[in-house]
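Number of protein chains: 2
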Amino acid sequence: MKKILIIGTVAYDEIETTTGSSGKILGGAATYIGLGASLLNSKSSIISIVGGDFEHKNLKLLKLKGINTDSIEIVPKGKTFYWKGKYHKDWNKRDTLNTQLNVLADFNPAVSEENKKAEIIVLGNLHPEIQNTVLDQVNVSEKCIILDTMNFWMDNALAELMKVIKRVDIIIINDEEALQLSKKDTLFAAANKILSFGPKQIVIKKGEHGAMLFDESRFFTVPAFPVKKVIDPTGAGDTFAGGFAGYLSHLDKINFEAMKLAVVHGTVMASFCVEGFGTSVMESLEKETTNNRLKEFKNFTRY
Amino acid sequence: MKKILIIGTVAYDEIETTTGSSGKILGGAATYIGLGASLLNSKSSIISIVGGDFEHKNLKLLKLKGINTDSIEIVPKGKTFYWKGKYHKDWNKRDTLNTQLNVLADFNPAVSEENKKAEIIVLGNLHPEIQNTVLDQVNVSEKCIILDTMNFWMDNALAELMKVIKRVDIIIINDEEALQLSKKDTLFAAANKILSFGPKQIVIKKGEHGAMLFDESRFFTVPAFPVKKVIDPTGAGDTFAGGFAGYLSHLDKINFEAMKLAVVHGTVMASFCVEGFGTSVMESLEKETTNNRLKEFKNFTRY
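Chains as they are written, first to last, in the numbering used here: chain D, 109 to 411; chain H, 109 to 411.
Simulated from the structure, these hints should not be mistaken for laboratory data.
No false leads were mixed into what you were given.
All copies of an identical chain are treated as equivalent in the list; a pair is satisfied when it fits inside any one copy or across any two copies.
Lysine-lysine pairs mimicking DSSO-like chemistry, simulated, CA-CA at most 27 angstroms apart:
| hint | residue 1 | residue 2 |
| --- | --- | --- |
| 1 | Lys361 | Lys406 |
| 2 | Lys165 | Lys111 |
| 3 | Lys314 | Lys368 |
| 4 | Lys336 | Lys301 |
| 5 | Lys224 | Lys173 |
| 6 | Lys292 | Lys336 |
| 7 | Lys368 | Lys403 |
| 8 | Lys406 | Lys368 |
| 9 | Lys292 | Lys201 |
| 10 | Lys368 | Lys301 |
| 11 | Lys173 | Lys337 |
| 12 | Lys406 | Lys314 |
| 13 | Lys314 | Lys403 |
| 14 | Lys406 | Lys301 |
| 15 | Lys111 | Lys368 |
| 16 | Lys292 | Lys337 |
| 17 | Lys314 | Lys197 |
| 18 | Lys403 | Lys301 |
| 19 | Lys151 | Lys110 |
| 20 | Lys274 | Lys301 |
| 21 | Lys225 | Lys274 |
| 22 | Lys336 | Lys308 |
| 23 | Lys337 | Lys314 |
| 24 | Lys308 | Lys337 |
| 25 | Lys403 | Lys308 |
| 26 | Lys336 | Lys368 |
| 27 | Lys336 | Lys403 |
| 28 | Lys336 | Lys274 |
Make the full structure from the sequences, and use the hints.
Below you can see the structure in the form of structure tokens.
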């Protein structure tokens, strides 16, 4: 089994929806990516930074899920990255009510010798400068590098982001971001353009409408798993990336056919994420439930 | 092979999009349904009404595609149903600029003895009162009856529409219409509610986001075929219904597994429709092109 190295935020979130609010809960891209991969029994390690306020029970949870937390730096006098957001009735729209970078402002990740051995690296949503710092420390050509990013960096650090994109194997972004990054007006044109920036594959996430996978000459698409009731979409995209990487970690050879199934697994893992606030559903998911939903998804989509 | 009987409009349309306009062209739900079925080499017969202005070349085209036009009544002194519409940049929005019912105002379809033998009946979008009149003339319990309708009738003839819905096997509607008809706020809840009105299956079309098929206990979904450039979405839903019925017409037994493939075929046939104004692309499609796209769709969606 390939080891997965995850770089990203471990954070506290506070989430409001039209039907409820979460209170202060565990969040962060790396957290969701790690949990997404753990649902598929993958071995991962997180590089991140938290403050002295970060609760032991949260670290314990990650460890319990098979996530190595040795490289989550704890700054005793600092505070953990905090984000508060509010979703509209249309889940695709959300307002950021409060962002406190806190310890993240000085995050300068060092990759340990052990972590340098990971064969799959997932760069979670984070300042592209930090993502580049991580890539500087590893042998990029020997790794499968997966990048998740978002429009915020396209608006605020495009040049740095383009440098990262050039260096990764697979980029995972959502539909609007793909259009923005490529300056194209269809997803096909966007995918082609973004592939010309460097990645060998691109995954475009379309939320409730599924996901698409492209390489230079091939295309694959799946619908989303039809969730009966969405409670909180926070972290769904990160969980997708975690499930995607988690599936690949079990394979000797990572090719387009494998990535099709990785997209399926990412889709199904993300469906659990949105069924509760934050990480709540994924924290206590039985292996059987995961397997059943994967089977169900096949039933729903195979013909 | 089962024969398909289609009841619906044969019309003239004039379509404006943000990039062009069609001029006066052949349209109508029955036309598109017939062409959708003809792409799969099905045998169909249309019951409709046109005016003395209906051009011979249009009738000839339908016949050339294996569609029996004997039951398209021609009213020499009347004018053919006419619709003019304009699409927004967002294809899901369109404004009706002009509607002239003309001969359609007095449409009172009689089902010939020959047409009564058809095993599949497609009720194209039309006043539900007329759809009921047709069902009154056939042995409903022996047929596979497919209903296509739209929000206009939900707003203006709901009681009559509910009577039709009660009598059909399969209802095909789009996502917004399913929510409106069911007064529910998710497509799953909507599908369940609508099934309780009578149909054994429901197909919910989601345009560029694909289609869903439900019966009482089962669910299936496919993405749309990714069309590179949409020129005109008029008739796509009707063409879907035609492809759906066309696929079923070749089978001895119509069950849920067959309907999954019918949804796939409807999806692919509809993708041709939107690639040109009106019926233009479907008029001259080679069998090979259709087969290739079906294969391509499998490549895009099977894993």
